[in-house]
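Chains A and B are the protein sequences, given in the same order.
Numbered according to my numbering, the first sequence spans residues 73 to 213.
Numbered according to my numbering, the second sequence spans residues 3 to 177.
In short, the hints are calculated from the structure, not lab data.
Because the structure is a prediction, the values reported are computed rather than measured.
Positions of the beta carbon are idealized from the N, C-alpha and C atoms, including for glycine.
Certain hints may be false.
Simulated coverage check for chain A against chain B, where a stretch passes if three residues somewhere in it have a Cβ under 8 Å from a Cβ of chain B [stated by the list, open to error]:
(1) 128-138
(2) 183-196
Output of the computed footprint for chain A on chain B, the stretches with three or more beta carbons under 8 Å from beta carbons of chain A [unchecked claim]:
(3) 62-69
(4) 74-80
(5) 86-94
Each chain, letter by letter, is given below.
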Amino acid sequence: MFRSAVRLTCSGVRSLTRTRPQFTAPLAARGYSHGKQETDEEFDARWVTYFNKPDIDAWELRKGMNTLIGYDLVPEPKILEAALRACRRLNDLASAIRILEAVKDKSGPHKEIYPYLIQELRPTLDELGIATPEELGIDKV
Amino acid sequence: MLTSRALIRGLQSSLWRSVCSTSALQGSHSKVVDVIDCSVPQYNNRLDTPLPDRPFVKHDQLSAEQKKLKEKEKASWKSLSKEEQLALYRMTFELTYPEMRKGSDEWKTVLGGVFFFMGFTGLLVWWQRVYVFGDVPHTLSDEWVEKQTQRMIDMRINPVNGFASQWDYEKKQWK
Chain A
73 MFRSAVRLTC
83 SGVRSLTRTR
93 PQFTAPLAAR
103 GYSHGKQETD
113 EEFDARWVTY
123 FNKPDIDAWE
133 LRKGMNTLIG
143 YDLVPEPKIL
153 EAALRACRRL
163 NDLASAIRIL
173 EAVKDKSGPH
183 KEIYPYLIQE
193 LRPTLDELGI
203 ATPEELGIDK
213 V
Chain B
3 MLTSRALIRG
13 LQSSLWRSVC
23 STSALQGSHS
33 KVVDVIDCSV
43 PQYNNRLDTP
53 LPDRPFVKHD
63 QLSAEQKKLK
73 EKEKASWKSL
83 SKEEQLALYR
93 MTFELTYPEM
103 RKGSDEWKTV
113 LGGVFFFMGF
123 TGLLVWWQRV
133 YVFGDVPHTL
143 SDEWVEKQTQ
153 RMIDMRINPV
163 NGFASQWDYE
173 KKQWK
């Protein structure tokens, strides 16, 4: 249960999506005190695989995103890239923009996370032609 | 409770109404807006649910040009202008995240209403004091209270820790 090491709510967040602490802090996807703890890399890989399913359907995309947003973390760019590509396969631009909005909201007070994510996702956004919420003007009320 | 039973009855009647209606009638606006068919996936604006169960504008309620835009969405998104991308977003989602977070000024109305009614109550209380209540008993007059206090001192009321303990009997004054 070492979530405290990688929690956003911890004031010790130095870098961006999830802290890369000096010690190995496995992110427990489940709250077991026994058994194998899933590492950050395993967590990311699992989610990238989920969204990379070639014939992913709309329900799975929604379920995946809603679940991911329910976690106490901001997803890594590679997970978001896989999700955006899934939106492309489903011809759903609106959901792609919504995902960007959601991760910005998820970062909460850590305002440096979202620009980093956009910077990392810029190649994908350009390739797929997705406009960011800022470019559409919906980041302001 | 009474309210929940009434709610359930209202919900049941609305469910029956929507079961009876054909799919052709579902889009009509002859019904009161309060009727929600809870047996189908609902749209909702929630910060923790970025992708709700259905799009805001249902597929069969799209206008002709919206349907054309949906067809264009199947091609490369680079061919979509910013306005078109925004239109697609608004078709699927009612409120953006900042709009969801906005909140309202309702609290000002509530607070104003509270103060207004408290003020009105104050007026009523004042009127009551002036026009309804009679005189205060004579035992509260200054003269009576003076005599009463002197009597209490003479009787040594609560001499240890209370009333008379505050009176200095040598100097004949309050301590």
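**Prompt:** Taking each numbered hint in turn, which are not upheld by the structure, reported in ascending numerical order?
**Reply:** 2, 3
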